[in-house]
Amino acid sequence: MSHSILVIDDEAQIRKLLTITLQSNDYKVSEAATGKEGVIMVSTHPPDLVLLDLGLPDENGHDVLKNLREWFTNPVIIISVQSGEQDIVKALDNGANDYLVKPFRTGELLARIRSALRKAGREPNIPTAAFNDLSIDYANRTVKKNNSAVKLTATEYSLLALLARNDGKVLTHRYLLQQVWGASHQNESQYLRVFIAQLRKKIESDPNRPTYIVTESGIGYRFNGNPLHE
Amino acid sequence: MVVLSVALIGFSLQNLTGYRVIALMLMVGVSILAMFLDIVPVLVGAFLSAIIWDFFFIPPRFTLSVGSAEDRLLLLMYFVIALINAVLTNKIRKMEQAVKEKDEKEKSVRFYNILLNSLSHELRTPITTILGSTDNLQSNHGGLSEKDKAELVDEISVASIRLNQQVENLLNMSRLESGVFQIKKDWVDINDLVYKSLQRLEGNLQQYRLAVDIPDQLPLFKLDYGLMEQVIYNLLLNVTQHTPEDTLITIQANCVRDHLVLTIADNGKGFPEDEIHKVFEKFYRLKGSPTGGTGLGLSIVKGFVEAHHGTVRLENLPVAGSKFTIEIHTEKTYVTKIKDDESLHSGH
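Protein chains in written order, with this note's numbering: chain A, 812 to 1041; chain B, 284 to 631.
For reference, chain A alone in the conformation it holds in the complex:
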């Protein structure tokens, strides 16, 4: 069964490009040119995924996102020409699953869509997960790399489990700090830097060229269970 995708973007050219690209990759595509139209279409025929442009003429894309997130739980990927980190962080904090900055490459777009859909279709309470040479047993809180146990501290494990459960999704610095260290530590990003570095040393084949825990400049980190370049 092919997935349905709704493209909300005011630029006809971009809609056309996305429609052709997505249709040739076996997705069912519908288009909306305004925020209002988009919200109506989502409510009448909820798609499996929404591609939402932040710079819409009628409504601010952030408001459209907030509006959708009141009831729509399927993935929303933000497309934006604004590469301002604050804007992206705001969208992610408002419930967007991922973001792409224009101009983006088709390969990147398709990878993000696949990743978001994969995540959406997954059981929320799976007891174990395996990615390439890494496996996590959530029930027993154990991690294996190349079939041998990796010794993690409790905090390292919590951080890894949170990232891995959100495979493919960008998690903002603030979110990670809140979830792992608690709301009172949400500005203590130095903790996060140190623990990410420690985790990479334990689970990455080359900690300097991480494939599992990828840095999103100025925004956060993304767990990449299916590294693109392998």
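Just to be clear, a hint being listed does not mean it is correct.
What the hints assert, rightly or not - Using 30 Å as the maximum straight-line C-alpha spacing, the simulated DSS-like pairs for lysine-lysine come out as follows:
| # | chain 1 | residue 1 | chain 2 | residue 2 |
| --- | --- | --- | --- | --- |
| 1 | B | Lys390 | B | Lys377 |
| 2 | B | Lys390 | A | Lys901 |
| 3 | A | Lys980 | B | Lys377 |
| 4 | A | Lys980 | B | Lys467 |
Unchecked claim - Chain A is nowhere near these chain B residues, computed Cβ spacing over 10 Å in every case:
| # | residue |
| --- | --- |
| 5 | Leu402 |
| 6 | Ser443 |
| 7 | Val471 |
Since the hints were made in silico from the structure, they are not lab data.
The beta-carbon is built from N, C-alpha and C at its ideal position, and this holds for glycine as well.
Starting from the structure of chain A, add chain B where the hints point.
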């Protein structure tokens, strides 16, 4: 105020000097006013000082009447000289300002001329390629071999990437020029930053040898990650544009007296000595450098580093090649005491 205080000083000196000296003192006051104030307050000052002199100093004192014909003439001359003084000084100041404005205008005209030249070349070249290639693909369908078509599509792709790079540079430059530019500092793991920048350049760096030397115990520094990533990216891109393949690129980071010191060195042919001091200037391009640059990359580096209150310098190395050194004084932290639970027992 100035006139009044001069008058007061004069009043106290009245016994020592004559009232005619007071006139000169008041004139000095008016002249000083003329150097700093607009024409209207100066004229008011001149007028006021003449009245004050007449009223308080010219005998008979404390009346506006003037006793002798000589004093009447003096008062008139005082008033005229004060007026001329005010008007002339004002004129000079206006002319100075006009010259300054003209200078600035010429400077910005020059800036925009360079900008427009650079823009028209650097943006129009890739656009011409894209339009030409698509025209060919659309109208010449029968006459093109599959190989030709693939080549034209490649041309479009390369031109678009180039166009995007130029736009990125221009956007960064206008961010810097706009004056409303703000940096957002947060703790940065330098190792992460350097490798992330390297990753963005993977394609360009494949033919180069790389040596990265970042000590394990380097503290975290407070920096704007996005800006610093662009700085390292631009410096490395610059190296790949000016050195042959197989050049060794060395990246080092250290903490020296509370400063982050980041160096990027290569063993290429170095920079021409007569041009080396100009490379950070906007739009400056080395003589004979390949097309495809706006001459903005290094000035953006300088702008972004200076936004961190840091410095960047370039020097040729004694044997071969050149070295960029960035120094930034910023907050740093060695995170040592993080509360963490006992290690989990794993592997059973």
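Handout entry: Numbers of the earlier hints that this structure fails to satisfy, in rising order
Key = 2, 3, 6, 7
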